[in-house]
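There are 2 protein chains.
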Amino acid sequence: MKRYRREDEVSYCLGITLTFELLKYAKEYARKVYVHSSINKNESFEKLEKMCRELHVPMEYSDKPFNILSQKENCYVIGEFSKFNRPVDKNKSHVVLHNPSNAGNMGTIMRSAAGFGITDLAIITPAVDEFDPKTIRASMGAVFHLNIEKFSSFSEYKEKCGERELYPFMLKAKIKLHDISPKAPYSLIFGNEATGLPDEFLSEGTSVIIPHSGRIDSLNLPIAASIALYEATKQDF
Amino acid sequence: MKRYRREDEVSYCLGITLTFELLKYAKEYARKVYVHSSINKNESFEKLEKMCRELHVPMEYSDKPFNILSQKENCYVIGEFSKFNRPVDKNKSHVVLHNPSNAGNMGTIMRSAAGFGITDLAIITPAVDEFDPKTIRASMGAVFHLNIEKFSSFSEYKEKCGERELYPFMLKAKIKLHDISPKAPYSLIFGNEATGLPDEFLSEGTSVIIPHSGRIDSLNLPIAASIALYEATKQDF
Numbered sequence: 001m002k003r004y005r006r007e008d009e010v011s012y013c014l015g016i017t018l019t020f021e022l023l024k025y026a027k028e029y030a031r032k033v034y035v036h037s038s039i040n041k042n043e044s045f046e047k048l049e050k051m052c053r054e055l056h057v058p059m060e061y062s063d064k065p066f067n068i069l070s071q072k073e074n075c076y077v078i079g080e081f082s083k084f085n086r087p088v089d090k091n092k093s094h095v096v097l098h099n100p101s102n103a104g105n106m107g108t109i110m111r112s113a114a115g116f117g118i119t120d121l122a123i124i125t126p127a128v129d130e131f132d133p134k135t136i137r138a139s140m141g142a143v144f145h146l147n148i149e150k151f152s153s154f155s156e157y158k159e160k161c162g163e164r165e166l167y168p169f170m171l172k173a174k175i176k177l178h179d180i181s182p183k184a185p186y187s188l189i190f191g192n193e194a195t196g197l198p199d200e201f202l203s204e205g206t207s208v209i210i211p212h213s214g215r216i217d218s219l220n221l222p223i224a225a226s227i228a229l230y231e232a233t234k235q236d237f
Numbered sequence: 001m002k003r004y005r006r007e008d009e010v011s012y013c014l015g016i017t018l019t020f021e022l023l024k025y026a027k028e029y030a031r032k033v034y035v036h037s038s039i040n041k042n043e044s045f046e047k048l049e050k051m052c053r054e055l056h057v058p059m060e061y062s063d064k065p066f067n068i069l070s071q072k073e074n075c076y077v078i079g080e081f082s083k084f085n086r087p088v089d090k091n092k093s094h095v096v097l098h099n100p101s102n103a104g105n106m107g108t109i110m111r112s113a114a115g116f117g118i119t120d121l122a123i124i125t126p127a128v129d130e131f132d133p134k135t136i137r138a139s140m141g142a143v144f145h146l147n148i149e150k151f152s153s154f155s156e157y158k159e160k161c162g163e164r165e166l167y168p169f170m171l172k173a174k175i176k177l178h179d180i181s182p183k184a185p186y187s188l189i190f191g192n193e194a195t196g197l198p199d200e201f202l203s204e205g206t207s208v209i210i211p212h213s214g215r216i217d218s219l220n221l222p223i224a225a226s227i228a229l230y231e232a233t234k235q236d237f
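Residue numbers (this note's numbering), protein chains in the order written: chain A, 1 to 237; chain B, 1 to 237.
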């Protein structure tokens with residue numbers, strides 16, 4: 001076992017909570033569960049053992065993966081899984097991330113998207129690794145609920161996903177978030193953390209701004225995406 | 001110069017962008033600006049030099065503070081400032097953080113609060129350090145726009161701030177965020193990242209939930225706080 005690299009076929013979720021999410025919602029991709037020798041064999045652990053047995057996922061007692069993969073002290077379980085490819089559903093609403101560059105942000109957006117019932121995520125590359133253990137951790141396991149598909153350009157995305165309402169979020173946009181009423185299937189589109197979306201997105205669908213005071217330059221990316229998700233879906237909750 | 005410690009009288013903002021925010025919005029607290037020897041003396045740098053001269057803030061060329069305070073490679077300016085105490089305004093709306101434990105989260109909430117025009121932050125201790133350089137960085141300088149006051153209990157906060165609409169955000173609440181219409185001055189109250197608000201907050205004012213699907217346990221704290229800030233203030237923007 002080595003440090004995680006993007007080109008690996010497998011990735012890891014750190015901690016028992018994430019490992020439960022893996023076994024519940026993406027069990028077909030679970031390959032192995034590593035257990036640290038100093039784990040407390042409590043009720044949760046027994047539940048984990050039972051799930052692994054039922055799903056035929058091998059458990060391996062070894063401290064080495066923890067030294068390699070985990071910086072945290074209180075991590076006693078690691079789930080290993082095959083990276084999966086679940087294409088987005090063209091009949092559903094999507095979050096589209098254009099060139100996202102931070103793993104924690106991507107994971108946080110996955111968590112909010114799953115929370116607000118948008119379970120399809122399109123990523124326009126180049127982009128940070130959607131299976132980086134940091135992404136997985138920030139998603140709090142939401143990654144296992146999502147369809148995630150990568151596209152090499154926004155045109156490629158549009159070609160596959162066809163006619164739908166497009167809402168690029170841009171500081172230059174004129175229409176305010178609380179003045180739109182998206183009808184599914186729609187796509188909420190967000191740019192890179194530092195640079196936002198390129199100007200050509202001003203002519204894609206209806207570009208939208210989340211208005212804020214001049215005291216800040218912009219909202220943090222996962223904050224903006226989550227506010228948009230909340231506003232777009234709040235009638236469903 | 002040593003590593004930053006919470007008990008220090010001063011703290012630091014890393015990078016030229018944050019240092020500009022310091023000099024613009026909290027200049028009375030600026031003590032010194034450190035400059036790295038390999039800085040590129042471009043237009044921004046000249047602007048910084050001019051501001052320091054006008055404000056009588058000494059500039060010191062020294063690489064040592066960078067080795068001690070900065071993990072990032074591309075940081076060439078550090079602002080040193082006295083920690084300040086700007087009490088919250090009892091006639092204004094507030095964000096109240098009850099026992100927050102993560103510096104990055106606190107900074108992100110400061111950024112959203114400033115963005116949505118709520119410039120008063122009350123912190124109920126124990127809490128993470130509001131002047132930790134990690135908080136300052138995550139705030140993107142918003143910390144310099146805010147009144148920030150610490151209280152040792154929620155009762156102490158109520159005593160000082162008197163009659164106002166209280167909105168504790170809790171998973172056990174029954175009223176949905178989009179069904180309330182806060183009238184200023186109000187307080188949006190959020191609990192600790194891991195434990196949320198204690199149950200006794202169910203009887204403080206109107207407890208509120210941001211409804212979400214069962215796919216996640218909860219929203220990330222700065223996400224929840226920012227969505228609440230957006231919804232409470234959107235008519236102002």
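Mixed in with the good hints, there may be bad ones.
[What the hints assert, rightly or not] Derived SDA-like pairs (lysine to any residue); straight-line CA-CA distance at most 25 Å: (1) A:Lys176 x B:Lys160; (2) A:Lys90 x A:Lys172; (3) A:Lys234 x B:Ile180; (4) B:Lys160 x B:Thr125; (5) B:Lys47 x A:Ala194; (6) B:Lys183 x A:Phe237; (7) B:Lys50 x A:Phe237; (8) A:Lys172 x B:Gly214; (9) B:Lys134 x A:Lys24; (10) A:Lys24 x B:Lys183.
Derived from the structure by calculation, the hints contain no laboratory data.
Hint by hint, here is what the structure shows:
Of the supplied pair hints, the one linking Lys176 of chain A and Lys160 of chain B is violated, its CA atoms being roughly 37 Å apart against a limit of 25 Å. The hinted pair formed by Lys90 of chain A and Lys172 of chain A fails the criterion: a straight-line CA distance of about 28 Å is larger than 25 Å. At roughly 13 Å between alpha-carbon atoms, Lys234 of chain A and Ile180 of chain B fall within 25 Å of each other, so this suggested pair holds. Of the supplied pair hints, the one linking Lys160 of chain B and Thr125 of chain B holds, its CA atoms being roughly 15 Å apart against a limit of 25 Å.
Taking the CA atoms of Lys47 of chain B and Ala194 of chain A, the gap is about 22 Å. The hint holds against a cut of 25 Å. A hinted pair counts as satisfied when its Cα atoms are at most 25 Å apart, and Lys183 of chain B with Phe237 of chain A qualifies at roughly 24 Å. Straight-line distance between C-alpha atoms of Lys50 of chain B and Phe237 of chain A comes to about 53 Å, which puts the hinted pair past the 25 Å bound. A hinted pair counts as satisfied when its Cα atoms are at most 25 Å apart, and Lys172 of chain A with Gly214 of chain B does not qualify at roughly 35 Å.
At most 25 Å may separate the alpha-carbon atoms for a hinted pair to count; Lys134 of chain B and Lys24 of chain A exceed this at roughly 35 Å. Between Lys24 of chain A and Lys183 of chain B, the direct Cα distance comes to roughly 43 Å. Violation of the 25 Å bound is thereby established for this hinted pair.
The earlier numbered hints that this structure contradicts are 1, 2, 7, 8, 9, 10.
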